[in-house]
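Enquirer: Sequence:
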Amino acid sequence: MANHCHTEAAYGILNKEDTHKLLEKCHQMGVTVTSAVSSALMCATSTLINGHANSTTVLNFSISADTRKRCVPPVPNHDLSVHTSATMMFTLPIRDVPTTTESMWHLAQAFGRHVKVSINAGHVLALGMILGRIYPKVMNPPNPADLATCIITSWGILPFRECYRRWKLAAMVRCMNMVRGGMPLTSTQTVNGVLTIMCLGPIPVFSLNTIEKLCDVTMHSLRKTFQD
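Using UniProt numbering, the letters of the sequence shown map in sequence onto residues 1 to 228.
Worth flagging that the hints you see were computed from the coordinates, not collected in a lab. It cannot be assumed that every hint is accurate.
Below, in silico cross-link-like pairs of lysine-lysine (BS3-like), each with a Cα-Cα straight-line distance of 25 Å or less [what the hints assert, rightly or not]: (1) 213 to 21; (2) 16 to 224; (3) 21 to 224; (4) 116 to 25; (5) 16 to 168; (6) 224 to 25; (7) 213 to 16; (8) 213 to 224.
Between beta-carbon pairs, the in silico distance windows are [as the list claims (entries may be wrong)]: (9) 7 to 103: 30 to 36 Å; (10) 160 to 4: 34 to 40 Å; (11) 96 to 116: 19 to 25 Å; (12) 20 to 204: 36 to 42 Å; (13) 227 to 166: 35 to 41 Å; (14) 28 to 122: 29 to 35 Å; (15) 21 to 177: 32 to 38 Å; (16) 76 to 21: 33 to 39 Å; (17) 228 to 95: 20 to 26 Å; (18) 159 to 15: 16 to 22 Å; (19) 126 to 166: 44 to 50 Å; (20) 21 to 125: 32 to 38 Å.
Just so you know, even glycine gets a beta-carbon here, dropped at the ideal spot from N, CA and C.
When you get a sec, could you build the whole thing from the sequences and use the hints?
Expert: Here you go:
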């Protein structure tokens, strides 16, 4: 894959007003912005899967996590060694994908509970140690059957200012090397009250059209949750 793939990304942005509306709705429903975005992402992903209402196909989602702050003592940020882990998979049968705004919020609440249970059970540290031992030994191409449907990562609220002397920060976008990735990755972040969602993946494992559609439908589904 590393010799034949390259990374492409698509970005979706909520302006300050819409980001504030989403945040207020999340507070009202008792969920995090990450859970709301994840619910919208699952709905979007289902539109790209060949299935039907009675299909036995399932979607598997996981949130990546940085174990450095969970270590004792904490590993400093300047340590750039690999400390990547994730929560346990959240499995959603495609026949149970929400079709209404209300059910999307119910899914967001269920996903949030799953993440809390996974963190409290110590899955992040355990999976980090397991992956650390497995990855160096895996030399073959990834098996799609063993991978998540999509990985989610949230950077939360980032501490940037709108202005740096005479320079105004217009936007901040992330990039990541996905040439060895076997699935799309979606990242969320909020900078100066503006929520940005990034969808990226390895091309040609996925077409650029698929990555762009995943981002567009996720943004459309997310807007429905606070505009309806």
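Enquirer: Next, verify each hint and record whether it holds.
Expert: Hints, one by one, checked against the model:
1. 213 to 21: Measuring from Cα to Cα gives roughly 24 Å; hence the hint holds.
2. 16 to 224: holds, 16 Å
3. 21 to 224: holds, 11 Å
4. 116 to 25: holds, 20 Å
5. 16 to 168: holds, 16 Å
6. 224 to 25: holds, 11 Å
7. 213 to 16: holds, 23 Å
8. 213 to 224: With a Cα-Cα distance of about 16 Å, the restraint between residue 213 and residue 224 holds, given a limit of 25 Å.
9. 7 to 103: 30 to 36 Å: Cβ of residue 7 to Cβ of residue 103: about 33 Å, so the range 30 to 36 Å holds.
10. 160 to 4: 34 to 40 Å: Given about 36 Å between the Cβ atoms, the range holds.
11. 96 to 116: 19 to 25 Å: holds, 20 Å
12. 20 to 204: 36 to 42 Å: With a Cβ separation near 39 Å, residue 20 and residue 204 satisfy 36 to 42 Å, so the hint holds.
13. 227 to 166: 35 to 41 Å: Since residue 227 and residue 166 have Cβ atoms about 37 Å apart, the given range 35 to 41 Å holds.
14. 28 to 122: 29 to 35 Å: The hinted range 29 to 35 Å holds for residue 28 and residue 122, with Cβ atoms some 31 Å apart.
15. 21 to 177: 32 to 38 Å: holds, 34 Å
16. 76 to 21: 33 to 39 Å: holds, 37 Å
17. 228 to 95: 20 to 26 Å: holds, 23 Å
18. 159 to 15: 16 to 22 Å: 20 Å Cβ-Cβ, so the 16 to 22 Å window holds.
19. 126 to 166: 44 to 50 Å: With Cβ atoms ~49 Å apart, the hint holds.
20. 21 to 125: 32 to 38 Å: holds, 36 Å
Against the hints set out earlier in the document, no violation occurs for any number.
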